[in-house]
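Residue numbers (numbering that gives the first Met the number 0), protein chains in the order written: chain V, 0 to 120; chain Y, 0 to 289; chain U, 0 to 129.
Just so you know, nobody snuck in bad clues.
Facing chain Y, a subset of chain V residues (Cβ under 10 Å, in silico):
(1) 10
(2) 11
(3) 12
(4) 13
(5) 14
(6) 15
(7) 79
(8) 82
(9) 83
(10) 84
(11) 85
(12) 86
(13) 87
By construction, these hints were calculated from the structure, which means they are not laboratory data. Ideal Cβ placement from N, Cα and C applies to all residues, glycine included.
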Amino acid sequence: MAEHYSSFQRGTWRWLFQRLTAVFLVGALGFHFVLLHFVNHAAEISFMGTQARMDQIGYFSLMVVFLVTAAFHGINGVYNALINQGLKGTQRRVVAGVLTLAGVLLVGQGTYVALHMNGFL
Amino acid sequence: MSTQVTEQTETETEEQTEEQSPGERRREKKEQLQREREQEKSDLLDEAEETVELKIFRYDPEVPEKEEPRFDSFEVPFFEGMTVLDALIYARDTYDSSLTFRHSCRQAVCGSDALFINGKQRLGCKTQMVDLEWPIRIEPLPHQEVVKDLVVDMEHFYEQMHAVEPYFDPDELPDGEREEQRQTPENREKVKLSTRCIWCGACMSSCNVAAGDNQYLGPAAINKAYRFAMDEREGTDRKEDRLRIIEQEHGVWRCQTQFSCTEVCPKDIPLTEHIQELKREAVKSNLKFW
Amino acid sequence: MSSSYDRGTVESFGRWQEFSAGMWAWVLHKFTGWILIGYLFTHIAVLSTATQSPEMYTDTLQGLEELVIVRFLEIGLLAVAVFHILNGVRLLMVDLGIGLGSQDKSFYASLVLTAVIALASIPTFLGGVF
Numbered sequence: 000m001a002e003h004y005s006s007f008q009r010g011t012w013r014w015l016f017q018r019l020t021a022v023f024l025v026g027a028l029g030f031h032f033v034l035l036h037f038v039n040h041a042a043e044i045s046f047m048g049t050q051a052r053m054d055q056i057g058y059f060s061l062m063v064v065f066l067v068t069a070a071f072h073g074i075n076g077v078y079n080a081l082i083n084q085g086l087k088g089t090q091r092r093v094v095a096g097v098l099t100l101a102g103v104l105l106v107g108q109g110t111y112v113a114l115h116m117n118g119f120l
Numbered sequence: 000m001s002t003q004v005t006e007q008t009e010t011e012t013e014e015q016t017e018e019q020s021p022g023e024r025r026r027e028k029k030e031q032l033q034r035e036r037e038q039e040k041s042d043l044l045d046e047a048e049e050t051v052e053l054k055i056f057r058y059d060p061e062v063p064e065k066e067e068p069r070f071d072s073f074e075v076p077f078f079e080g081m082t083v084l085d086a087l088i089y090a091r092d093t094y095d096s097s098l099t100f101r102h103s104c105r106q107a108v109c110g111s112d113a114l115f116i117n118g119k120q121r122l123g124c125k126t127q128m129v130d131l132e133w134p135i136r137i138e139p140l141p142h143q144e145v146v147k148d149l150v151v152d153m154e155h156f157y158e159q160m161h162a163v164e165p166y167f168d169p170d171e172l173p174d175g176e177r178e179e180q181r182q183t184p185e186n187r188e189k190v191k192l193s194t195r196c197i198w199c200g201a202c203m204s205s206c207n208v209a210a211g212d213n214q215y216l217g218p219a220a221i222n223k224a225y226r227f228a229m230d231e232r233e234g235t236d237r238k239e240d241r242l243r244i245i246e247q248e249h250g251v252w253r254c255q256t257q258f259s260c261t262e263v264c265p266k267d268i269p270l271t272e273h274i275q276e277l278k279r280e281a282v283k284s285n286l287k288f289w
Numbered sequence: 000m001s002s003s004y005d006r007g008t009v010e011s012f013g014r015w016q017e018f019s020a021g022m023w024a025w026v027l028h029k030f031t032g033w034i035l036i037g038y039l040f041t042h043i044a045v046l047s048t049a050t051q052s053p054e055m056y057t058d059t060l061q062g063l064e065e066l067v068i069v070r071f072l073e074i075g076l077l078a079v080a081v082f083h084i085l086n087g088v089r090l091l092m093v094d095l096g097i098g099l100g101s102q103d104k105s106f107y108a109s110l111v112l113t114a115v116i117a118l119a120s121i122p123t124f125l126g127g128v129f
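So that you can see chain V by itself, here it is in the shape it has in the complex:
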């Protein structure tokens, strides 16, 4: 029963990356909230202000990395939650595929939006 498992590396890396992204996200999410709710008031956000921030390459790349790590951390978390419920076999592979696709679309759309914001597109 407990003896035959699939390849071992995946679980290890997923666990490790979940933690590494967490460390980054603690800082990034905190920064994001402070900047857009306390430093800049959310109600006063306009495209101009957004563009001014996104024009700085440092801020732009931070936001893109933020998006990628958040997407991984969140979607991997959802996947873990579903495995907790005993998801396995074909069902599990289908769910993994759907979640990966959702993540890729999210990052793709997010990057597309970000490129609009810094005036590249």
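Given the structure of chain V, go ahead and fit chains Y and U onto it with the hints provided.
The following block gives chains Y and U in isolation, referenced to the frame of chain V:
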């Protein structure tokens, strides 16, 4: 005719009483003792200053009246120092001999009487009645199938325990045939707590993840793996093998640090801590291959 | 064991009153996690108005911010994010094997801190909407 027969029987009975065999004498004595004990028990119930109500889970697929699970109430006398197991034994011996539960050593060593007492996994023999809220609710361990009354099927738990190869298996044996395999005091200290496991299954039953994912090794098995993986006498090759077992998809990674196992362990083994350490060991050994 | 009795999963989540600190921390961490990933998708969707025109982006965001309900939801989101961050730090410590003995206290601490931060930020979040 009839008178004769009666006479005959009477004579026979008389003879038997006179020439009572040792076995019969013993049986009689036993019966008398039994009667006395029963009398004593009802006296106990009267004498005891307090009585406790036990609500015990009953189920038996082989008895029609017990096919539908239910709770039975038993009134037992309370005495200082009484454990839940004492109360169960009293209820079984006094009221219902069909009340079924596992127990053996009565001193938290054999690990056979892990029960779900007042909503928590505890050892019946180690739990004092005074420490509980009354009435006391006793159920079989959750997340394991009930065979009868308080007895659960432990087969799956044992399978997971065996999956981690829970035996000492060093890479190299000492040269001398009768040479001891010595362990440093520091290393012994490291594995000390993990060796305390009595296979009672309380941790596995408390684990929410193990409940959902049947393949998850569970805290007890991982702790067992820890006990040997951390034993320096086994050598690095064996440790790698052991890490490979516990770092499978349904090994250590399924632990979500809910601390349920650590809280219920009757031997106070820091299970979560051991699982976490194995996670770090597994990551380290994977990084080494790069 | 042909006939044995399976009590089902009722026995785990049906007993939420008996949960201890570590279990509550886990439940809340999962719950806030679901909200955050759900919000991330919505967030990107709303920001996608930027691909249409700058005006539309500005109008949409400012229009949303004028709604009182949005302001309250934002406070809720802040509380959710703060708890997820604080408990996340607690979990990282647990992963590193630090302070496992006081894991329950650190959970209560993250709850209290979340409440304090959320309450303290109410004026900032509700400013100008009434």
